[in-house]
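Colleague: Residues per chain are reported as follows:
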Amino acid sequence: MMIWRFIPFKQLSAFENMAMDEAIFRENQRRDSPPTLRIYSWSPPSISLGYFQETRNEVNVSACSRYHIDIVRRPTGGKAVLHEHDLTYAVIAKEHNPLFTPDILGTYRIISGCIAEALSELGITTEMSVDGRTSGEESLKAACFSSPSHYELLVNKRKICGSAQVRSRGVFLQHGSILLDFDPVKTCTLLLPQHGNREKQIEKLRESVTSIYEHIGSEFSTAKICHILQRSFEKKLGIELVEGGLTAAEGILMARLIKDKYTNDKWNIEGKGALHGS
Amino acid sequence: MKVFPDDLLYNREHSWVRVEGELATIGITDYAQENLGEILAIELPEVDSYVERDEPFGTIESAKGVFELMSPVSGEVLNVNEDILDDIGIINSDPHDTGWMIVVEMKDLEELDDLLDSREYHDFVIKEAEGD
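Those sequence lines, one after another, are chains A and B.
Position one of the first sequence corresponds to residue 808 (our numbering), numbered consecutively onward.
Position one of the second sequence corresponds to residue 10 (our numbering), numbered consecutively onward.
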């Protein structure tokens, strides 16, 4: 049975979370490392932007400041996500890992299958979207959860889990956000373009996004949901998740990425100087 | 299967090079663009900056994710294709020609010895597709 490393649940800052994921991703490119699964949350609440997003076009920066929301740019693609009541996962593995398929979208499908299994165990039935993200989207375009993408998970056509990837040197990092709870009003204030009819935007978000709590309440603790997710990955992929921490090299690189990249506005706000961490 | 032009050299990260003296024009292969799907955004280095062999020279976002572009050679960037910044669809429609990305003045021509010719690259992508 294939062994994966599982980094146990932790609540960290946006800067620490992104630096840790990128450090694992970069070190995996240099070594014959086993795949890694992380499940985590964000404190303080934060907005993560996709690699190519224009911060000031997508995020209400002054509202974020008022709400004490950190802003960080992800190494992965996709759209902006508010991380306040969510669980984020990161999977880092070689592209040629036999558990995954040759096509890029196959990775999304397989990992979404693991999340769907966990949600099913919680009593939530999901279906997978098959539409790809395109450049033609207009209103609500900033918010990741307002537009289903490839193999993302929906409950009655409303998105509950979104995901995004980066690939380099034969390794992929996939991020996904599983909503525990959803506040369309706050999301609209922080994420969406501040033009058009705000009430309609909120209504559209309400119609297109859902959360775990909306379906089953908050009876399951975060620890319990993490445990179910962990078991679902093991069951669906036929792997054993073994708890572990960062290697020394990953820890050193994480510290460097926090200092030089993820607490640097040049990266987070301007998206400049991609500082690849190599 | 795709046809890869004979006058180009290729690396295993699916970039191609057209060599004219010490100048290397670099882009991504038709195989790469097809796997990536519709390309939505690109980030390329600035003129006068340096790229290193087997290090990222740029980043692409497609409908499927973000992908780092690995440079097949080292050297100074002399030119960047402004046309693809204006119309990014060129990378999908004409990756081996007008979809070129940068021109580099190579600092070590021996780096070319490690690249694949069109036949070797063709075999490499077949093996990669089968092995995956």
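Just so you know, these hints were derived from the structure itself, not from any lab.
Treat the hints with caution; some may be incorrect.
In silico SDA-like pairs for lysine to any residue, Cα to Cα no more than 20 Å straight-line [what the hints assert, rightly or not]:
| # | chain 1 | residue 1 | chain 2 | residue 2 |
| --- | --- | --- | --- | --- |
| 1 | A | 901 | B | 50 |
| 2 | A | 901 | B | 11 |
| 3 | A | 1073 | B | 92 |
| 4 | A | 901 | B | 129 |
| 5 | B | 136 | A | 1073 |
| 6 | A | 901 | B | 139 |
| 7 | A | 1073 | B | 54 |
| 8 | A | 901 | B | 52 |
| 9 | B | 136 | A | 908 |
| 10 | A | 1073 | B | 52 |
| 11 | B | 11 | A | 909 |
| 12 | A | 1073 | B | 11 |
| 13 | B | 11 | A | 906 |
| 14 | A | 901 | B | 44 |
| 15 | A | 901 | B | 65 |
| 16 | A | 1073 | B | 55 |
| 17 | A | 1073 | B | 139 |
Values in this document were obtained by computation on a predicted structure and should not be read as measured data.
Colleague: Work down the list of hints and note, for each, if the structure agrees.
Modeller: Here's how the hints hold up against the structure:
1. A/901 <-> B/50: violated, 24 Å
2. A/901 <-> B/11: violated, 25 Å
3. A/1073 <-> B/92: With Cα atoms ~26 Å apart, residue 1073 of chain A and residue 92 of chain B exceed 20 Å; violated.
4. A/901 <-> B/129: violated, 23 Å
5. B/136 <-> A/1073: violated, 41 Å
6. A/901 <-> B/139: holds, 16 Å
7. A/1073 <-> B/54: holds, 16 Å
8. A/901 <-> B/52: Violated - the C-alpha atoms of residue 52 of chain B and residue 901 of chain A are around 24 Å apart, more than 20 Å.
9. B/136 <-> A/908: This hinted pair holds, its Cα atoms lying about 14 Å apart.
10. A/1073 <-> B/52: holds, 15 Å
11. B/11 <-> A/909: holds, 17 Å
12. A/1073 <-> B/11: violated, 40 Å
13. B/11 <-> A/906: violated, 27 Å
14. A/901 <-> B/44: Holds. Residue 901 of chain A to residue 44 of chain B sits at ~17 Å (cutoff 20 Å).
15. A/901 <-> B/65: holds, 18 Å
16. A/1073 <-> B/55: holds, 16 Å
17. A/1073 <-> B/139: Violated. Residue 1073 of chain A to residue 139 of chain B sits at ~42 Å, over the 20 Å cutoff.
Hint check: violations occur at hints 1, 2, 3, 4, 5, 8, 12, 13 and 17; the rest are consistent with the structure.
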